[in-house]
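Based on these hints, arrange chain B with the ligands on the given structure of chain A.
Chains as they are written, first to last, in this note's numbering: chain A, 1 to 345; chain B, 1 to 510.
A portion of the hints provided could be inaccurate.
Stated by the list, open to error - Far from chain A, some chain B residues (derived; all Cβ distances over 12 Å):
1) THR9
2) ASP140
3) LEU148
4) ALA150
5) GLY234
6) LEU279
7) GLY287
8) ARG332
9) LEU380
10) SER392
11) ARG400
12) GLU448
13) ASP471
14) ARG479
15) ASP498
To be verified - Here are some of the chain B residues that sit facing chain A, going by a computed Cβ distance under 8 Å:
16) LEU128
17) LYS207
18) ARG209
19) MET337
20) HIS340
21) VAL344
22) ASN352
23) VAL355
24) PHE366
25) PHE369
26) THR375
27) VAL381
Treat the hints as calculated values from the structure; they're not laboratory data.
All values reported here derive from a predicted model rather than from experimental measurement.
Using N, Cα and C, we set each Cβ at its ideal position, and we do this for glycine too.
Each chain, written out:
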Amino acid sequence: MTIRSSVETAAISTAAVLVALLLFGGFAAARGLDPLEVYRVLYVGAFGTWFAVQNTLTQAAPLMLTALCTAVPARAGLLVIGGEGALVIGGLATVLAGVPLAGAPAPLGIALLCAAGAVAGGLWVGAAGALRHWRGVNETISTLLLNYIAIAVLNHLITGPIRDFAQVLKPASWSLGEHLRIGDVPGTSVHWGLAFGVAACALLWVLMRRTTFGFAVDILGGNVRAARMAGLPVGAMVLVACFLGGAAAGLAGAVEVVAVHGFASSSLVVGYGYAGILVAFLARQNPLAIVFVSVLLGGISASGGLLQRRFGLPDAATLVLRGLLFVAVLASTTLYGRLRVFRRP
Amino acid sequence: MTSLTPPATPPAVEVIGMTKRFGDLRALDDVSLTLAPGSFHAILGQNGAGKSTLVKCIMGYHRPDAGRLLVDGHEHVVVNPRQAHALGFGMVYQHFTLVPSMSAAENLILGRADLPAVIRWAEERARLEAFQRRMPFTLDLDRPVAGLAAGQKQKLEILKQLFLGRRVLILDEPTSVLTPDEADQVLGILRELTAENRLSVLIITHKFREALAFAREVTVLRAGRRVGGGPVAGLSRPDLVRMMIGSAALAEPATRAARPGGAVALELETLTVRNDKGLLAVRDASGVVRAGEIVGVAGVSGNGQRELVEVLAGQREPESGAIRVRGEAYRRTRTDMRRHGVFVLTEEPLHNSCVRGMSVAENLAFRTFDEPANTRGGWLVSRRALRRQARSLIDAYGIRTQGPDTRLEALSGGNVQRTVLARELSGDVAVLIAQNPCAGLDVAATAEIRNRIMAARNAGAAVLLLSEDLDELLELADRIVVMFEGRFVYETPRDGADLHTIGHHMASHP
Ligand SMILES: Nc1ncnc2c1ncn2[C@@H]1O[C@H](COP(=O)(O)OP(=O)(O)OP(=O)(O)O)[C@@H](O)[C@H]1O
Ligand SMILES: [Mg+2]
Chain A
1 MTIRSSVETA AISTAAVLVA LLLFGGFAAA RGLDPLEVYR VLYVGAFGTW FAVQNTLTQA
61 APLMLTALCT AVPARAGLLV IGGEGALVIG GLATVLAGVP LAGAPAPLGI ALLCAAGAVA
121 GGLWVGAAGA LRHWRGVNET ISTLLLNYIA IAVLNHLITG PIRDFAQVLK PASWSLGEHL
181 RIGDVPGTSV HWGLAFGVAA CALLWVLMRR TTFGFAVDIL GGNVRAARMA GLPVGAMVLV
241 ACFLGGAAAG LAGAVEVVAV HGFASSSLVV GYGYAGILVA FLARQNPLAI VFVSVLLGGI
301 SASGGLLQRR FGLPDAATLV LRGLLFVAVL ASTTLYGRLR VFRRP
Chain B
1 MTSLTPPATP PAVEVIGMTK RFGDLRALDD VSLTLAPGSF HAILGQNGAG KSTLVKCIMG
61 YHRPDAGRLL VDGHEHVVVN PRQAHALGFG MVYQHFTLVP SMSAAENLIL GRADLPAVIR
121 WAEERARLEA FQRRMPFTLD LDRPVAGLAA GQKQKLEILK QLFLGRRVLI LDEPTSVLTP
181 DEADQVLGIL RELTAENRLS VLIITHKFRE ALAFAREVTV LRAGRRVGGG PVAGLSRPDL
241 VRMMIGSAAL AEPATRAARP GGAVALELET LTVRNDKGLL AVRDASGVVR AGEIVGVAGV
301 SGNGQRELVE VLAGQREPES GAIRVRGEAY RRTRTDMRRH GVFVLTEEPL HNSCVRGMSV
361 AENLAFRTFD EPANTRGGWL VSRRALRRQA RSLIDAYGIR TQGPDTRLEA LSGGNVQRTV
421 LARELSGDVA VLIAQNPCAG LDVAATAEIR NRIMAARNAG AAVLLLSEDL DELLELADRI
481 VVMFEGRFVY ETPRDGADLH TIGHHMASHP
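The following block holds chain A by itself, in its conformation from the complex (with noise of 0.2 Å):
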């Protein structure tokens, strides 16, 4: 990428996120709020604070992998959105490779069951991959439709199988042991999932931008017959491109339970999956970028709670902004190219 279009994508993205900002301030004024204040506890919320900035990087750590999951494909020609499923079958993985590794000391049971969550995510997209590779099926259906079989599956096991009856507040699986769970990044309240993030999206950015893989993988992206016309091997490129988003994904959902929950249960369906494409495209499939945008979209979602209790907005206030957000960032991607500035000479 050169500087140009870096600036591209910048000015682009800056650009689509303040008029989702502008539009979201039309609708606080259409409930009689005054736009700027809301706009003022919008960003204390978010990074106001050490502790809201900590909030705000416990949120964005999911973020960074789930978006993986959409940005890694995409760079092959795919459009996946099964970071929620994966994501969930990474966390089911997790607990059940619990069992096993019950005795296992900590550091090595730790990375197994991170390995674990992110092979099974792995497999999960990869099987879409496969799918798509023999059998045409179009990816986008197929990894929608893998989320509400993951779904499905994680409900059927902690209502039945795996289910710990002494958790009553809601089904959930049992639980890890605790000398198996990882705690916060020390001096902080921010989970080792943000570190997972940040090295998982240096090592794709790594992986996709400057290796003979993310090359052939970009031909690939560009036009299936100009790859196949250079020999490569489209089917596998196309299985471990499915195969390492949906690892990134399945890792999320291993964080979520080793560093957060320590069991599986619906708090796994929160829609980080979903959320993740949001910033994938925002950060134009960039996994540096991804990180980044995962921060701001973070900063949102911790300031939401903030939101409703100072302005009594429903809950759904946040999902409001970032249905804007998404709306915005798609619009704006028929920009790129089009403007004067950024012609290429």
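Quick look at chain B with the ligands alone, frame taken from chain A:
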């Protein structure tokens, strides 16, 4: 409605001082031309001379940096194609813009800008028929477009423009996908319409024959400037070539080194291939190409050539049969391609073998990005190495681009073609499959590419050359095979090849 009561005659068009810059590059530099009503004006020039840029400025696809457009003496600023259409300007491209699944009639009617919400088909049909009666040619309006031959489609494109009331027709290489006969028919129709003063024509072409036989005026561009032109009557082919390429000399015709028959390099055994519709496109094709030999495949387009090339390029799965290279089964993987030195020049490079959004350097590296010279540690792509490789190929093959980092889509059609040629011919070529390698190339480039293909042959490459241009086959091929309805129906050595017999087999079984 404009299509029924069109202004009887085309307007006078004047283009004055048209200039267009892309960054530092002056793609078009102070070019003027006049189209009197009923003129037939050809634009000639080498690849990248600015021909497409000129017509895109007229049609409102590009905003010129300077220059004026006068229509019937009034100045107009055209900022989008819709405004150009309103002035009666229409554009026809090399590729088709028709909806394949619809009938010709539907395509014509749906093209109208003032289409009502509810279409009264019977009424529209009646208009259409009345309209067609006033045309010098007829088409079957009920056939789906997908079933029409290329020449028919191009005629339909022209019919559509006329039906839409366009009086100034701009055509960008309209004949490059047509056979010479089809091209003559299409151009003949245009010539007739201009002679009746119902149309003005501005046409871009690389074929001198067409310009000299059909146009009345020419404009020659070189590097964005008008370097000559005027009435065709006083001009000859050498005059035009001289204007186009300036002082540079054309490459001599390729010299064929005498070679003993080499070993079999490429072998097809009862190869059968289906097309996209599931119909048999290649049937039981068998044959060999030896090292140091060019086998030319003649045939009217649509007789299975495309599918054959796609199978050899790895873009399509064969139904049955075998492909062997140097005696081994050829699996069409990257390893096999590299090990055996198999390279392919497909037609329509943007569609078949390039990525428009990637840079020239990246497109040049599709075959080599994973070679040790271009990587660090075997798995990190070295952008610097790719750029270096690109610079030397850009020089060696005369690709007109602003630099290795320019996106491929910013190159002119002929320079995209050159980019692919550079990529495919610069390797260690043992087997070369080429389909219409010179379509869309200017005279100099055509001569040069033919030379390079011949040089590859002389160096021992086995070349399978599929071409619709019989002259090209007669110049290059050692043997000519005719492909008809998916079969190889006739074969003749180069010496003793007879145009009539070949043409006869191309049209039908003997
Ligand atoms: N959108 C663009 N951005 C940058 N450069 C461009 C763009 N379009 C064309 N050019 C450059 O302008 C020059 C003229 O291009 P143009 O397409 O007009 O050539 P042409 O005469 O039509 O050539 P050909 O015979 O190969 O089609 C070329 O050097 C090309 O690279
Ligand atoms: Mg052109």
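Violating hint indices (sorted, rising)
8, 9, 16, 17, 18 and 20
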